[in-house]
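K.L.:
In the order they appear, the protein sequences are chains A and B.
As numbered in this note's numbering, residues 1 to 405 make up the first sequence, in order.
As numbered in this note's numbering, residues 1001 to 1226 make up the second sequence, in order.
These are computed hints drawn from the structure, not numbers from a lab.
Some hints could be false.
[Unchecked claim] Heads up, simulated BS3-like pairs for lysine-lysine below, C-alpha to C-alpha not over 25 Å straight-line:
#: 1; chain 1: B; residue 1: K1067; chain 2: A; residue 2: K324
#: 2; chain 1: A; residue 1: K322; chain 2: B; residue 2: K1111
#: 3; chain 1: B; residue 1: K1111; chain 2: A; residue 2: K311
#: 4; chain 1: A; residue 1: K322; chain 2: B; residue 2: K1067
#: 5; chain 1: B; residue 1: K1115; chain 2: B; residue 2: K1067
#: 6; chain 1: B; residue 1: K1111; chain 2: A; residue 2: K324
#: 7; chain 1: B; residue 1: K1067; chain 2: B; residue 2: K1193
#: 8; chain 1: B; residue 1: K1115; chain 2: A; residue 2: K322
As the structure is a computational prediction, the values presented were derived from the model and not from experiment.
Spelled out, the chains give:
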Amino acid sequence: MIISDLLEETFLALSSNKVRSGLTILGIIIGISSVIAMVSIGQGSQASIQASIQSIGANLIQVQPGSQRSFAGVATQRGSAKSLTAEDAQAIADEISVAQAVAPEVSSRYQVAVKGTNTNTSIVGTTSSYTQVRNVQVIEGNFITDQQNSSVAKVAVLGPTVSTDLFGEGVSPVGQTIRINGSQFTVIGLTVIKGGSSFSNQDDMIFIPLSTAQRYFSGDEYVTSISVQATSEKTVDELETEITNLLLSRHHLDAASADFSILNQTDIIATASSVTETFTTLLAAVAGISLVVGGIGIMNMMLTSVTERTKEIGLRKAIGAKRKEIEQQFLVESVMLTLAGGIIGIALGLGISYVVSVLGIVSTSVSWSSVLLAFGVSAAIGIVFGYYPARRAAGMNPIVALRYE
Amino acid sequence: MIEVKNVSKTYVTGAGSFDALKEVSFTIHDGEFVAIMGPSGSGKSTLMHILGALDVPTNGTYVLDGKDVSTLSEDELADIRREHIGFVFQSFNLLPRASVIRNVTLPLVYKQIPKEQREKIATASLKSAGLDEQYFYHLSNQLSGGQIQRVAIARALVNQPSLILADEPTGNLDSHTGQIVLETFQKLNREEKRTIILITHESDVAEHADRIIFIRDGAIESDKPV
Ligand SMILES: Nc1ncnc2c1ncn2[C@@H]1O[C@H](COP(=O)(O)OP(=O)(O)OP(=O)(O)O)[C@@H](O)[C@H]1O
Ligand SMILES: [Mg+2]
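Chain B extracted, bound-state conformation (with noise of 0.2 Å):
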């Protein structure tokens, strides 16, 4: 459970300083799907990144799974990201050189689960995440952009995370590509009782999730659902 209260964030640049994100409170139940929406520097990105222990609050608290994750240092944020959140991003984020399955394996690598679980993991979420068994052993660059954002979401998988983060995943994406990856999303979801925080401007990509929280300057303007 994701318990979001009073968050503010202040970016001070040369310029001055810069509220990002402005008293943002919200809670997110395990297993929902839930869009955040907003015009382009509302400040998705920036709660996005609090929501996934990238970053922490100026101000508030974020409180994942009882844990209070506001006041970690640089290391405890890794190992809550290591242990309870799965990443998709909207360039995918693969590395290049490296086979489907290695990059799916990678967060067990520093789960330091051994090494003959971890294929046997890897293989369980890419088929989870729709992709075809004949391109496991393929290098990520020899796939398409959706095939690319399958092995994403298979990677955000692997290590079961309690919450799933996908910021624009679509948005490198023709619409029906875009299409299927939303319809993965779904499914995992409705299936795997998954949580999963889809960050988008697209009010039809917004539209596949149960709940749309809609921002503005940082602050929340609606929060209803779908």
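Bound conformation, chain A alone (with noise of 0.2 Å):
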């Protein structure tokens, strides 16, 4: 039989039960598009907890006081104990050469006043390099200069979300004076919306210099974190490695009682990546359950067409038809029929993540592999599920075909 030939027939076949060739294909419809939909849904919140993970700043490594767990077993919280000082970030700045920059800061909540408006927010006491380890911009004014840290200068630069709430929508900070903690700042900046990040949300905190937050603030001289940018992507893990030694050497200490702990921003990376993969796997093979069966429903429905074709068939055959043309009249009405589940699926999947994005849900990725990937999937199912129905057709004897009643 001719392509052309075939089509049409396949064509005529399936249109003669548009119902039941409807109500069959629902099956793989509906998997198809919740595949789509999954993957694109899991996709795009793992590209979004990237970016946000991204946004604190590139090739990051945070060094932190207190280990992970003592000798004795008993885990230390991070960052309450005090080990860390301003002379340990100089030490990485200048002795390790991965390092690109170096950004220590102390960091602890304050109440913050302007003429009787009342905020509670973090204050960072950094250095000027924070802007380029921690990815920040000012928009307006300047951040933070060595001079100033030198000078023990009570300026301070407003986040975004700060200076709204102390000054109101779009009214400028700079220039302004804030009480701290009771103490007198002028504000000399104020930094570039980044948007909220779930893990550190710089736009509310403000910023003033390291030694101003030890002197006023702390009281002391150890810094609550210490950000280390390394010089490329590349060299973050060797840049962990470089520190953990510099610093067990500067305290003194052996691996084993190490007084800080080390973050890399590649892990938490890896780690969110990999608990997103395992949720949008999950997510599929729930999908993928669901195209099986499917699946199962278009056999059925070309196991009950064979048999009422039963007739047919023998005709077929009496007519001169191959058993291969016969089974590749059923196998190809099976993977039309899929496909044209998958082609729906996968429209409306894309419809769904469209719609979830839209909504702003989350915001999807639809890969193009996916989608290839969900159509290819759709005419294997035609293929596997119609393989044993189209091969019964094929099989039939045409003298009892033709006798059937």
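With the hints as a guide, bring both chains together as one complex.
P.N.:
In structure tokens, the structure reads:
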């Protein structure tokens, strides 16, 4: 049989039973559309988690005081201990070549007031390299300079959220005076809106010189964390090792009793990715099961159709159709069904992920490979679940088939 | 030309074996119109299945147009049916939701004849089968019994077969319509020199043929001209 005839026969056979064909492919439509939607939602959330981790700063390593686990097996609260100093930060900057920039910080929450308006926010004492390490930009005014650090200046750079809270929407805070925990500070800058990140919202912070924070607030020489940027993505791991070695020797400790811990951004991304990946796989697996169920529906319909058309099969054989031609006809029918289901399912899945994106639930990302895969899978389901019914049709004895009532 | 030599057919079932045909031999020349008669269960349909290359004999040889059909495989039998044989069945066997033209062109589809030519050939054979042109594009389930049988005859003619086999073609028709169908066969035989084998158990049907082979219990009882 010529291809065009085969397709015509298939079309006529399927359209002669539209309701049944439609109901049968519903399983495939649901399966394919949920695979597409689930994968796009999963990949979308993975991408947004990665982006929000990256927004904290690229190739970042964070050193925090306190060991993750002491030798006695009792975990010390990270960040609560006091073991890191600004000198440690300076040593990292001076002695490690793969450390591109180092920003020590002292952070704590304090009450901030401006003429009767009050807010409680994070006060971060840091140095000028913070802008580079943590990817912060100033939209108005300037960030803290090294000079202000050495002169222990009482100047502050506001995050956009804090600025809005204190001065109102669209009002420039630069040049104004604020009171942090009772001390007067002059606002010298405003940072760019970065958007909320679940890890640390840099929009809701006030930056002041590190020395100022130590003198007026914490009252000691320690820092609460040191952020270090590696020269490139490839040197992040090397940087981690070198910082560990340097700090251990500076603190005269061995590896087992380290009084600091290191958070590697690459590891965080990897962990977050593996979590979302597992989640995506799980969702896709559930959707995949519905595909299999859909496939069984196709097989059921094809078997019914073969039985119903026993006489037709007998006739086709009597007028000279070969086994292969009968097999082809039924196989093409089931593949057509599943492909139609696949195409509708892909459209529906794209629609769902678009709606999810537009509604702002998750910004989804459709990968064309998953669309292609869905297309292939639906064709494969047609072949796999259509094969047995087609074989059954092809194997019919024409005499028996002709006699069938 | 059909040469049947010592053809036997034994059916093996759970209850034992049954000889439906026993050493049957005859020759049918091109252009003959032969009726095969016999009581129910005598082996007429069994014989037709072998003559129509739907089945092969257990023993003996069947040579159609010089080709031994008795030892062929399933697909080779399909080739024989497609190229040499046209069937007319008792219960018509048209595709119900398809038009008359589509039913008649179906054998040509398997013969891989291009679409443009198919309709022309089908129209010609519908005309020889005597169906009125106004019905060509009707659905086959909108036709009368006599019209359906003419379509079935046209379909049997369409691949230019050397042999037309009809198993009780008038069995489902009233006597008047049956008469018209039989006259169609006669006309095809006389005017187009088609070889026709008609299977029936009614003698008044068989009398339309030129020669009657009578079988009983799987063996030929008589073989004589009308
Ligand atoms: N597939 C089969 N398996 C077993 N026995 C069969 C089979 N087909 C036919 N027979 C037997 O062979 C014998 C001849 O059957 P056949 O159908 O050829 O008869 P027939 O002459 O066509 O009868 P009728 O006029 O009733 O159609 C019958 O006794 C039947 O039971
Ligand atoms: Mg019979």
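K.L.:
State the violated hints by number, sorted upward, taking the hints as numbered earlier in the document.
P.N.:
Structure breaks hint 5 only.
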